[in-house]
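Just so you know, the protein sequences line up as chains A and B, in that order. First residue of the first sequence? That's 1 in the UniProt record's numbering, and the numbers climb one at a time after it. First residue of the second sequence? That's 1 in the UniProt record's numbering, and the numbers climb one at a time after it.
Since the hints were derived computationally from the structure, they do not count as laboratory data. Worth double-checking, as some hints may not be accurate.
Unchecked claim - Below, a list of computed lysine to aspartate or glutamate pairs in the EDC-like style, where the Cα atoms sit at most 16 Å apart:
(1) B:Lys552 <-> A:Glu581
(2) B:Lys61 <-> A:Asp587
(3) A:Lys78 <-> A:Asp238
(4) B:Lys317 <-> A:Asp238
(5) A:Lys552 <-> B:Asp587
(6) A:Lys178 <-> A:Glu220
(7) B:Lys552 <-> A:Glu589
(8) A:Lys61 <-> B:Asp587
(9) A:Lys25 <-> A:Glu374
(10) B:Lys317 <-> A:Asp587
(11) B:Lys486 <-> B:Glu476
(12) B:Lys9 <-> A:Glu589
(13) B:Lys178 <-> B:Glu279
(14) B:Lys178 <-> B:Glu220
(15) A:Lys145 <-> A:Asp238
(16) B:Lys61 <-> A:Asp202
Here are the chains, one letter per residue:
Number of protein chains: 2
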Amino acid sequence: MPTYTAPTKDMAFVLHDVLDVENEKIPGYEELTPDFTSAVLEEAGKITGEVIAPLNVVGDKEGCKLENGVVRTPTGFKAAFDQFREGGWTGIASDADYGGQGMPYILGMTVSEMVSSANQAFGMYSGLTNGAYAAIHAHGTDEQKQTYLPKMVSCEWTGTMNLTESHCGTDLGLMRTKADPQDDGSYKITGQKIFISSGEHDMSDNIIHLVLAKIAGGPEGIKGVSLFIVPKFMVNEDGSLGDRNGVAVGSIEEKMGIHGNSTCVMNYDGATGYLLGTEHRGMRAMFTMMNHARLGVAMQGLSQAEAAYQNAVIYAKDRLQGRAVTGAENPDGPADPLIVHPDVRRSLMDQKSFVEGARAFVYWGAMMIDKAEETGDKDADGLISLLTPVLKGFLTDKGYDMTVQAQQIYGGHGYIEEWGMSQFTRDARIAMIYEGANGVQALDLVGRKLAQDGGKHVMAFFDMVKTFISENKEDEAIADFITPLKQASKDLQTAGMFFMQEGMKNPNAALSGSSDFMHLFGHVCMGLMWARMAKAATSALDAGTDDPDFYKNKLVTGRYYMQRQLPATGMHLARIQSGAENVMGLDAEAF
Amino acid sequence: MPTYTAPTKDMAFVLHDVLDVENEKIPGYEELTPDFTSAVLEEAGKITGEVIAPLNVVGDKEGCKLENGVVRTPTGFKAAFDQFREGGWTGIASDADYGGQGMPYILGMTVSEMVSSANQAFGMYSGLTNGAYAAIHAHGTDEQKQTYLPKMVSCEWTGTMNLTESHCGTDLGLMRTKADPQDDGSYKITGQKIFISSGEHDMSDNIIHLVLAKIAGGPEGIKGVSLFIVPKFMVNEDGSLGDRNGVAVGSIEEKMGIHGNSTCVMNYDGATGYLLGTEHRGMRAMFTMMNHARLGVAMQGLSQAEAAYQNAVIYAKDRLQGRAVTGAENPDGPADPLIVHPDVRRSLMDQKSFVEGARAFVYWGAMMIDKAEETGDKDADGLISLLTPVLKGFLTDKGYDMTVQAQQIYGGHGYIEEWGMSQFTRDARIAMIYEGANGVQALDLVGRKLAQDGGKHVMAFFDMVKTFISENKEDEAIADFITPLKQASKDLQTAGMFFMQEGMKNPNAALSGSSDFMHLFGHVCMGLMWARMAKAATSALDAGTDDPDFYKNKLVTGRYYMQRQLPATGMHLARIQSGAENVMGLDAEAF
C-alpha cells in the first residue's frame, strides 16, 4: 500500500530559502520564522502521514454509499476528520475572529498540500468548506458570518459549492435553478445541481450549501445569477439546529476517482435560502474566491504528483530487475534495482523536477494572494490574477502526466489496484476538469487575462523575469539557469506578439494556440522558479551551509528541468505560430 | 453510452490509396481488391459496431467473477464470442490448412482494429489466441499443430501466454517456474504466473496455455528458459477432451481497466506440459512472435484513441455551451455547440490527425510483416524489426494521451463512469505497460535495434524517407509536407549521431535519451505517413475523384499534424543532446 511522508525539508526550503517569508513585509508573515513553520510542518506531517494517508486506499475501495437518503463515508474517515479538526488544522488560515488560527494563507497551503497528497478525496471535505467560508467571509452580513463561520472554521459544519447543472457547466448563464423571494426576505430555491463535492455525508452536523440560482424576473443569462446560503438543517436563533431544509441528495455519482469524496446530485425542492451578497451578482461573488479555489486545484496537481513520485521512488529502489548497463551495481543480488536504469531515472527526474518547481510556483502564488489581500497591493493582485489560469491549467495537466509516469515505474503492478498507483492517476484526473476545465483556463488566459488592464500585468511579469535575469547575469554559478530562462521567456514574448498581431485580425488565430500558450507560460514560470531556487541554493552553499548535499541536489534537479523541460517552449511557440487554419479548416461535418 | 462506427472509408484509403496493396507483389495481396476489402470491412464493421461495442461498458461494469474455480465473463460476452467465431472472424488471417481464411495479416489487422475499438477487453480473448496459435504454428511439431491449431483458429479453444511472475516481468531470467522432464517426454510444470490475460474463463471449451519455465539442470538465467504447451483439459488421441490438467486460476486481478478480460494468477501444480520448440530456447520462440504481438498492441493504442475520438466528436457537436468568438453559429439555440470553440477543435484535430496517421503506420507495419514472411524479404524484416518498438511505444503513449483528450471534451461528464469516456483511458493505459513496458521498448530501440546488422536498417529507414522527399521535392501541392518532414528527419539523424558519438564513451548518454528518441522517431514515421497520405490525396484529386471533400480533408488533417505535432522533434532532440549528467547526477539516496 502506498505511503506518504510530508516533504517538510523541501517545503521549508521554498518558504525560507527561496521566498524568505519572514522578511516579506506582509502582515502575519513576521510570525513565519523557521522555528515556527518547522513545528507546524512537522505536526501536520504526522497527522497527514500517519492518520489520513492510510485511509486513501480505503476511501478508493469503499467509496461513499447512499442508503435511505444517508451518505456513509468510508471506514475511518469520520474519526480522522474529527482528529484533524480538533487539532485546529481546518482553520489554520481562517480569521481568528471566528475561531481560526489566523495564520497566512501560504501556511495554510503547506498543510493543504500535505492533506491532499495524503488523501485528496478526504482533503476536499475541509477544502470545500474553506471555499464556502471564504465566500461568506467576503460577502456575508455580520449576522450570516456570526451564524455560520465559527462552525465552518472548526468544520463542525462543512460547506459545498453548487454551480453545475446537467446541461451546463462552463456556461452557467444557461442555469435553470430558481430562487423565489419570500415575504421574510428569504428565498425558496428549486432546481437540481450535479457534481456537488461533499454534497451529503456523515462527517459533520450540518452542511452549508452555497447555491447559484436565478431570481425570477431578473436579467437573462449569467447576469441574473445570484448566490444563496442553503443550510441542510435550519439554524435556530440560538445557533442550535432546527428542521431539515428542503434539500436532499438525489444520488452519488460513480466517478473515475476520488471515491472517498461523496460527489452528489443535489435536489432543491423549495429549500429555504438566504441571499449572499447582492442579488444578480452571484458570479461576481464566486469570482472573488476564484484565485484561491484555482490555486487550491493547482496544488492538487502537485500533491498527487508528489505522492505518486514518493511511491515510485520506493519501488524503483526496491524492485530488482536487469543490470545497469555500466556494470552490476548490486552484484551479490540476483539483479540491480530499477533505479540504476537511465530511463527509470529520466522518469523520476521528470517527476522530481516538476514537483519541486511546482511547489515553489504554488507557494509563490499563495504569497501573492496574501500580499494582495493583506496589503492591498494591486500589482500582486494583477499578477496572481494573470497567472491563476497558468497555475491551475499547467500544473494539473503536468501533475496528471507525472502520476502516469509514476504508475509506469511499477510496470504491470501499476495497473493492479492492489498497489495503489492507479488511484493517484484516477484521482489526479479530476483536477484537469473541475474548477474550470483546463481549456477554459487557457481561454481565460489568452482571451481575458493577457489584455487585462491594458496588458499591464503581463508586462509586469516580463519585467519580473527580466529583472531577475539582469540581476544575476554575472553569476556564473547559475548561468546554466539564466540562459535557458532567457530563451524560454523570449519564446513567450514572441507568442504574445503573435497573438497581438494576428488576434486582432482573427481571434481564432489566438485561441487556436491558447492551450499551447498556457503551457509555454507554465514552463517559463517553472524556469523562473528553478532559477530562483538555484540562486537560493548557491547562496546557501556560499554561506557555508551544514547540509551542502541538499543544496547541491537542488542544483542538479533544477538543471534537469532547465535542460529537459524548458525546450518545450520552442515547440509550443511553433504550434502557436502555425495559426488558425490548421485548427479551424475543416467543416464540422468532416469530423 | 459510447458507440462505435468502423471507419471503413479511412481504412480503405490506407489500404488502397496509400499502400496500393493490390499491386504489391506479396502472395495473397492480389486478392485485396477494393471490392473484396470493402465487403470484409463492411461486414466486420457491422458485427463489431452492433454486437461487440455495446458490450464494452457491460464488461467494464460487471468485470469477470471467480467463484469456486470458475470464471464468469460479463453478460453477453460468450454469445457475442460465439457469433464472432462462427462468422470466421477469429481465423481471418490464419492458415487455411488449419481452417483459417488464409488472408494476409494486414487484412486481419483491419478487423483486429475494429474489435479492439469496439471492446478492447473482448478482443483480447481472440487476440491472445492468435498469438498462441502463431507460436505453435511456427515452432510446433506436426502432431502439435494438428492437435491444437484447428480448434484455436476457430477459438473453440483459446490461448494464453504465461511469462510474468510476481518478482519478474522484464527480467525473465529470474523466473522460478520449473519443468521436470518425465519418462514419456512430457514435463511436469510447477510454479505461479501472474497477469495472465484470458487465463481462465467460460468462453471456450479448452484453454491452451503457453508457459515459460526452466528445465531443471539447464543453464542459468534467460538462457535456461523453455516454452511449454499446457492445456487446461488434456486432449485425447481422438481430439476429445480428457482429464483436467494440474493448472488452476488462483485469483483474478483487480485492474484499472480492461475489466471484461479475466487477468489471472495461474497456479501450475505439476501440470503436464509439452515442450514447444527446442529446450532452453523458449525466449527465442517468444521473440519470433514479438513483432506481431507488439504491432497488435500498437494497434490497441490507435483503437482506443479512435473510439474515444468518435465519441468526443459526437459530444462536441451535441453539447451546447458558450458562443463562438467570431459570432453565434447557432443563434436560435441557447448556445453554440462545443465544436465551434478553437481549443475544442485543437483537441479534436490532435486526436484525428493522430488516429489517421497511426492507422497508416500500423497497416504499413503489417504489410512489412507480410512481405517479410511471405516473400522472405530481409530488408522488410529488418525495417519492421527496427520500427516495432517505435510502433508499440510511441503509438500507445500517444494513443493514451488522445483518450485523455477525448475524455476532457466531456468536462465533468468525462469523469463520471456512466458516460463511458473514463473507460477508454483506463483501458488504453495497459497498452503502455504490457508486451514490454514502453521504457523497455525505448531501450530495445536504442540499445539493440539501432546498431542491429551494423546499423543497416536505420540507414534503410533514412533512405526510404530521403527517397520519398527527393521524388516529391518538385511537387508544390505537398511542399508543406515535405519541408517539415525533412526537418524532422534531420533532427532524428542528429540524435542518432549524438548516440553514436557519446554512447561510445558513456552508454548512459544514449540511454538517458531513449524515450525521447523513440518519440522523435515516432513523429518522423508519422510525418512520413502523412506525407504519403497527402501524396495519395493530391493524386486522387488530380485524377478527378468523385469525392473531393474526403481527400481535401485528408490534406487539412495532415497539415495539422505536420504543423502542430512535428515541431516536437526539436524538443526531443534538445533533451537528448543534454546528455546523461542531468539524468544520472543524483545519488540514489537523493531521490
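### Query
Among all the numbered hints in the text so far, which are the ones the structure does not match?
The structure conflicts with hints 2, 3, 4, 8, 16, although it agrees with all the remaining ones.
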